[in-house]
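Number of protein chains: 2
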Amino acid sequence: MPHLLLKDLPRFECLLEAAKEFPDLDPSAAEAYLHLLRTSDEAFGVTERNLTEHNISQGRFCVLMLLWRSTRPGGRNLPDADAIVIGPRNPAELAEAANVTRATMTGLVDTLERDGYVVREPDPVDRRMMSVCLTAKGERFLREFLPGHFRITSTVMSTLTENERKTLVRLLAKIQSQAAALQASQQEAWSASS
Amino acid sequence: MPHLLLKDLPRFECLLEAAKEFPDLDPSAAEAYLHLLRTSDEAFGVTERNLTEHNISQGRFCVLMLLWRSTRPGGRNLPDADAIVIGPRNPAELAEAANVTRATMTGLVDTLERDGYVVREPDPVDRRMMSVCLTAKGERFLREFLPGHFRITSTVMSTLTENERKTLVRLLAKIQSQAAALQASQQEAWSASS
DNA sequence: AGAATTTCGTTAGGCGGCTAACTGTCCGCC
DNA sequence: GGCGGACAGTTAGCCGCCTAACGAAATTCT
Numbered sequence: 004m005p006h007l008l009l010k011d012l013p014r015f016e017c018l019l020e021a022a023k024e025f026p027d028l029d030p031s032a033a034e035a036y037l038h039l040l041r042t043s044d045e046a047f048g049v050t051e052r053n054l055t056e057h058n059i060s061q062g063r064f065c066v067l068m069l070l071w072r073s074t075r076p077g078g079r080n081l082p083d084a085d086a087i088v089i090g091p092r093n094p095a096e097l098a099e100a101a102n103v104t105r106a107t108m109t110g111l112v113d114t115l116e117r118d119g120y121v122v123r124e125p126d127p128v129d130r131r132m133m134s135v136c137l138t139a140k141g142e143r144f145l146r147e148f149l150p151g152h153f154r155i156t157s158t159v160m161s162t163l164t165e166n167e168r169k170t171l172v173r174l175l176a177k178i179q180s181q182a183a184a185l186q187a188s189q190q191e192a193w194s195a196s197s
Numbered sequence: 004m005p006h007l008l009l010k011d012l013p014r015f016e017c018l019l020e021a022a023k024e025f026p027d028l029d030p031s032a033a034e035a036y037l038h039l040l041r042t043s044d045e046a047f048g049v050t051e052r053n054l055t056e057h058n059i060s061q062g063r064f065c066v067l068m069l070l071w072r073s074t075r076p077g078g079r080n081l082p083d084a085d086a087i088v089i090g091p092r093n094p095a096e097l098a099e100a101a102n103v104t105r106a107t108m109t110g111l112v113d114t115l116e117r118d119g120y121v122v123r124e125p126d127p128v129d130r131r132m133m134s135v136c137l138t139a140k141g142e143r144f145l146r147e148f149l150p151g152h153f154r155i156t157s158t159v160m161s162t163l164t165e166n167e168r169k170t171l172v173r174l175l176a177k178i179q180s181q182a183a184a185l186q187a188s189q190q191e192a193w194s195a196s197s
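Heads up: the sequence lines are chains A and B, in that order. Under my numbering, residues 4 to 197 are what the first sequence spells out, in order. Under my numbering, residues 4 to 197 are what the second sequence spells out, in order.
Among these hints, one or two may not hold up.
Since the list gives no way to pick out one identical chain from another, each pair is judged satisfied if it fits inside one copy or across any two copies.
[Claimed, not checked] Only pairs whose alpha carbons sit at most 30 Å apart, straight line, appear in this in silico DSS-like list of lysine-lysine: (1) Lys169 to Lys140; (2) Lys140 to Lys177; (3) Lys140 to Lys23; (4) Lys169 to Lys23.
FYI, nobody ran anything at the bench for these hints, they're computed from the structure. Computed from a predicted model, the values in this text were never measured in an experiment.
Using the sequences provided together with the hints, build the complete structure.
Next up, the structure:
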């Protein structure tokens with residue numbers, strides 16, 4: 004479970020009350036924000052429990068998925084099979100795709116290699132680079148692990164109808180783009196001030 | 004930013020494709036799940052950036068909020084002021100409310116005390132216990148920090164109308180209760196097997 | 001009253017992120 | 001053709017979270 008968060012969210016009336024003192028506090032916005040983080044945390048907790056039972060972390064799992072997407076032809080059943088891009092293989096590409104630093108990726112690949120799910124191979128042409136490859140053991144692990152993982156995520160979302168899922172995704176996408184824009188402006192302000 | 008997550012979520016067609024191979028994969032459920040985590044991560048990232056700029060972590064901030072809720076009368080403007088419960092003060096209560104272990108709370112209070120936001124005082128009646136109290140500096144910090152924090156969360160949610168926020172909270176609550184139920188059943192299964 | 005259990009806070013050690021600094025390799029430019 | 005940057009991967013060290021185990025104090029059970 005990732006970040007520390009209040010177990011019981013403040014009730015809406017409390018937010019209304021607090022808004023009297025802090026005019027910047029938008030009660031419904033704060034409520035939505037808190038619920039978003041809380042729910043995501045809880046949903047993630049359920050899958051993470053499954054991950055740790057299989058002795059793997061979210062980060063390592065993410066790397067395996069990226070490699071799996073790249074090793075398997077992917078477009079085998081698609082008409083334009085040859086157009087399918089091969090996913091990332093270098094640590095740097097993996098780090099970029101997984102949204103972590105290269106240093107973190109080094110650690111993840113270290114443990115994955117130690118567990119035999121992955122091997123590192125030097126790049127023959129550019130001697131700075133490495134290739135990270137999924138082993139047969141790694142692929143076997145995914146093949147055994149994924150069905151249960153998918154069942155869990157399906158169960159978590161099973162209370163929502165197809166329409167509800169659609170609206171949820173739509174609303175989340177709005178928030179996400181807003182957050183991304185805000186983050187960009189934050190970075191801009193930071194680089195301008197330094 | 005808490006957990007490692009794919010930067011670009013797989014497109015829905017890819018999920019449909021993968022579902023052919025994994026019958027347990029419910030494409031719309033997986034899509035909703037991934038969007039939920041991704042959006043929460045991004046939204047949290049925006050506020051966390053603000054937190055770290057003020058040299059504080061989400062965990063410490065959470066503790067300060069809990070203490071603040073407990074020190075201030077809270078019900079000052081409410082009719083039934085005397086019925087207002089006083090919030091947690093012991094490390095154990097704080098840990099429970101913040102959803103972390105007591106060991107973690109020790110560390111959080113350590114750094115908060117080092118920064119002068121909080122003091123520890125031994126309980127006069129039960130010598131096992133400590134009382135954690137917000138200092139004037141801690142309250143001043145909150146008073147200066149919160150407006151900006153509220154502005155940020157309001158901005159993140161500003162793309163949603165009041166109605167959209169309501170439906171979002173409703174859908175999230177459904178997911179949350181489902182996740183909580185699942186977690187309970189997981190725990191049950193675990194304790195039964197051991 | 002004394003022993004066993006519970007509870008509180010802390011410590012020790014692990015893990016997974018991060019930043020910053022380093023080594024080694026490639027590339028462009030004079 | 002050598003040299004300064006740019007880039008890949010690693011290392012070192014920090015922080016926040018976790019679990020496990022501990023000593024001290026309170027509580028419960030004989």
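Each hint, compared with the structure:
In the homo-oligomer, the alpha carbons of Lys169 and Lys140 never lie at most 30 Å apart, since the shortest distance is 37 Å inside one protomer and 46 Å across protomers. Within a single copy, Lys140 and Lys177 get their C-alpha atoms no closer than 40 Å, and across copies no closer than 38 Å, so neither meets the 30 Å cut-off. Taking the shortest Cα distances, Lys140 and Lys23 sit within 30 Å of each other only across copies (23 Å), while inside one copy they are farther apart (59 Å). In this assembly of identical chains, the alpha carbons of Lys169 and Lys23 lie at most 30 Å apart only when taken from different copies (21 Å versus 35 Å within one copy).
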